[in-house]
Amino acid sequence: FALVLYDFTAEPGNNELSVRAGDTVAVIDQTGEVGPVWLYPTSPLDCVIADPKKESKLYGLKSFIEYQVTPSTTNRPVNHRYKHFDWLYERLLEKFGSLLPIPSLPDKQVTGRFEEDFIRMRMERLQAWMTRMCRHPVVSQSDVFQLFLTYKDEKEWKSGKRKTEKDETVGPMMFSLVEPEAAELDAAQVCEQYSRFTKSMDDGVRELLNVGHTHWKRCTGPLPKEYERIGRAFRNLSTVFSSSKYPGEETLTDALTAAGKTYEEIALIVAQQPQKDLYFLLETNSEYKGLLGCFPEIIAVHKAAVEKVKEADRLVSAGKISSSDKRSMNQRSSCMSYSLQAEMNHFHSNRIYDYNRVMQLYLEQQVTFYQQIADKLRGALSQFTTL
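Counting the sequence shown from 1 gives a position; our numbering is that position plus 658.
To be clear, the hints were calculated from the coordinates, so they are not data collected in a lab. Some hints could be false.
Claimed, not checked - As a list, the in silico DSS-like pairs of lysine-lysine whose alpha-carbon atoms are at most 30 Å apart:
#1 K711 with K816
#2 K715 with K857
#3 K857 with K883
#4 K720 with K857
#5 K821 with K810
#6 K857 with K711
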């Protein structure tokens, strides 16, 4: 009937999506203090992206950058172009997009794409993206992700790609793989709670990005220029004082010159600082902006399921579906809510770890920054004699 939530029990061969025997099951552990959590692998997966090389094909007509990707499980590097990462993203989005956030890849730049700075930055961002995927217990153990990291030769890569592209267990069908079966939950309340939080966090992240980018521009533009102007003004005043030829004032004029030079040195320190601390804060927030951008669609899938369950009450009253059908729909809706809770617990634990780490780094670097300036100013102060 038309109101079936998602037909998790469709039979093979009847033109409906079905789950093949032997498919990986995304298992959830029910014992966590915070509620349902994904069952994490005993050995966390990691990978390193390195050694970008410019390669070409078609007798040099087509050029591209190839990266070496080395997983912690095999320590055997595999080679991938950006388009392979893009293929992986599309497959993960198709398979898991209804279940969990798959953030977009860093933008593919066409002009200037072989410049060293761009290659370095894109590699760093691909590394961050892959690290996040490695940290996810469902994504990291999936066949498509393992193929990407561990294929042995071109033949295995191509056959694995073909198999993955024919995978029918994608999108909402992924909820059928969640075990054990959940007890009934208030799906509407779960949806609303996470919808509010992700929207509020998205607003907070965007605000921090806007403030951070404005501060970066100020630190690399107007602020150093102000320090340079102060430094020049001190040195110019020193030159004026020197022209008086008044005996015994060399100590003052030399100290003024030193103070001017100090402010010019501070200008350089200020201009270089954002790269040492603000950069990492902005990168982390950009990552989370990408993750948070996935949640409206995920939550929309859950809200649609909640509405279908509500509609089922009316259909039971009208005699169009049985109470058994209604119970089955409730169970499926609870299973989806169960998955959403597990995903949000994963998101929260990562959020706490990531922001704790990046804020420590930011503030440590800020302390060093202000200590450097204070040391410079103390040095300038020591040049002046006490009268």
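request  = Decide if the proposed pair is consistent with the structure: K720 and K857, CA atoms, cutoff 30 Å inclusive.
outcome  = 43 Å, violated
message = With the threshold set at 30 Å, check whether the alpha-carbon distance from K715 to K857 stays at or below it.
response = The hint is violated at about 45 Å.
message = What's the verdict on K821 and K810, does the C-alpha distance respect the 30 Å limit or exceed it?
response = Satisfied, since the Cα-Cα distance of roughly 16 Å is no more than 30 Å.
query = Going straight from one Cα to the other, do K857 and K711 come out at no more than 30 Å?
reply = 40 Å, violated
ask   = Straight-line Cα separation of K711 and K816 no greater than 30 Å?
value = Measuring from Cα to Cα gives roughly 22 Å; hence the hint holds.
query = Between K857 and K883, is the straight-line Cα distance small enough, at 30 Å or below?
reply = 39 Å, violated
Violated hints, in rising order: 2, 3, 4, 6; the structure is consistent with all others.
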